[in-house]
Amino acid sequence: MEKIFRFFKHLRVLATMTLRELIDEKIFLLFFPLIFLFLGIGFFLAMISLQEKELLFRETVSGLFSLFLSLLAIVVSATQCHARSEKIFLFSRGIARWEYFLGKLMGVILLLLVASGLFVINLLFIQLYWHDFSLKFLFLRSLAGSLLQASLLATMTFCIATTARSSLFTMVTMLFVYFIGHASLPLQELAEQVGPFPSWIEKGIKILWLPIPSWSLFQAHDDAVGSMMQELTMLSEMLKPFGFYVAIYTILGCWMFEREER
Amino acid sequence: MKSLLLFIFLFFQGVWLSFSQASVNQEESARRNDHALSAEKMLLHIGESTVLTLFSDLRAPLAAFLWLEVESSWEEQQWEKMSRLLELIVKLQPHNITYYTMAAWELAWNASSAVSSQEESLFYIQVAQRILEQGISKNPRSSSLYECLGILLRDRLGDHQRAAIAFSRAAALPGAHQYLKQFLLDEINALSNHR
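Note that the protein sequences, when read in sequence, are chains D and X.
As numbered in the working numbering, residues 1 to 262 make up the first sequence, in order.
As numbered in the working numbering, residues 1 to 195 make up the second sequence, in order.
Keep in mind that the hints are not guaranteed to be accurate.
[Claimed, not checked] Calculated pairs, DMTMM-like style, for lysine to aspartate or glutamate (alpha carbon to alpha carbon, straight line, at most 20 Å): (1) K91/X <-> E71/X; (2) K53/D <-> E75/X; (3) K53/D <-> E71/X.
[Said to hold, decoys possible] Computed, partial: chain D to chain X, Cβ under 8 Å: (4) S49; (5) S66; (6) L187; (7) Q219; (8) T250.
To be clear, the hints were calculated from the coordinates, so they are not data collected in a lab.
Idealized CB from N, CA, C, for every residue including glycine.
Let the hints inform the model, and build the full structure from the sequences given.
Okay, here's the thing in structure tokens:
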């Protein structure tokens, strides 16, 4: 029991330490202008539109925010596992290597949560002054999808960073992963049009493609807008692949980080 | 240890694969067999896939921006340009149902009513129908798309038989409106009266 408490304490300390470091690096100076820019672009497009103002606002703002959050996750995570002096200091204080890995990852996810929170607060302000706009579940679901996508990207980045020699290599690799994840659905649809292929080929391709998640899994479809139950079902559909991939890449990352300097 | 982790990884992959396999319904696989493509169309599809990949998260803002262009071409009554833009928008955002339904409305009602010749009018209705059918092939569980197709077939083409089929499919899907059953009954009545 004591071990579990100590583990959670280490995790909390490491996560808050990572977040504080990022705040000290003035990362929030980047947040605010960009969030205002995205909201400004969305608002402008909605204002000059004749119909479907809310759709245009939602599409513009959520798309730009998703891109920003994904890039933030990759760039911040890629630099986290390379602070050698910090690692030596912490390991000498009895922190296990995998605890360090998890703590740092939690810190980055905390940062993404703070960024999303700030964004939602801004949206609430907009709702106060723009009476045509209401912050519906669909909007929140699409933001939740962006957050899940960015968190998964952060986990994968940490996993790759354990074997990479430089942050640049990690970032470039992750950009490829990001684009491959986006290519997944269009290529699947293309294969459906070109096919049918023998089932063993389809299975083989699916297995080869499986390590990289399709980001379309985290995109909110606007069809099932309705009851609270439907919204929750749609959200749980996003959580399933998220849990699966996060579990796999966290275990893999911890294991690789444990073996890094043996 | 290494082999154990590899085993766990492959095991989870297998579990996930069986999950995704189960979700592919029979209707989808039957439709897949119907599509045989020429080399030209295939190249076009490859190009589309590449564009969709490269734009990644920017597809949504780009589609929103193009929607403004649709509105300005509607104001200037440039129907051909509007039709091309709408086809591009639904390609950029293939899983956004509102774009399909709005595209169908703009083409099958606005554009087709504004043009003078009968052929042109029919052309835009058919483009709208094609867009909706594309939407259904990409979102087979969308009740709204079947509903919109049913309304188009009923009101713009007077095809009660196919409209009844579309309404029955729309009514059977999750999130379907209650009035769809009434729509279906009306279409069946219209068919029997016609006979």
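Quiz item: Keeping to a limit of 20 Å between CA atoms, is the pair of K91/X and E71/X held or broken?
Solution: Holds: K91/X and E71/X sit about 18 Å apart, inside 20 Å.
Self-check item: Supplied contact hint for L187/D, tested at 8 Å Cβ to chain X
Solution: This interface hint holds because 6 Å falls under the 8 Å limit.
Quiz item: Holds or violated: K53/D with E75/X, Cα cutoff 20 Å?
Solution: Between K53/D and E75/X the Cα gap is close to 17 Å, so the pair holds against 20 Å.
Quiz item: When the nearest CB of chain X is found for T250/D, is that gap smaller than 8 Å?
Solution: Violated. Min distance 12 Å.
Self-check item: Hint status (Cβ of S49/D to nearest Cβ of chain X, threshold 8 Å)
Solution: OK, holds: S49/D within 8 Å of chain X, min 6 Å.
Practice problem: Under 8 Å, Cβ to Cβ, is where S66/D needs to be relative to chain X, so tell me if that hint holds or is violated. | Solution: With a closest approach of 4 Å, the S66/D hint holds.
Exercise. With a cut-off of 20 Å on the C-alpha distance, tell me whether K53/D and E71/X pass.
Key: Holds, because 12 Å separates the two Cα atoms, which is no more than 20 Å.
Quiz item: Taking the least C-beta to C-beta distance, is Q219/D closer than 8 Å to chain X?
Solution: 7 Å, holds
Of the numbered hints stated above, the single one contradicted by the structure is hint 8.
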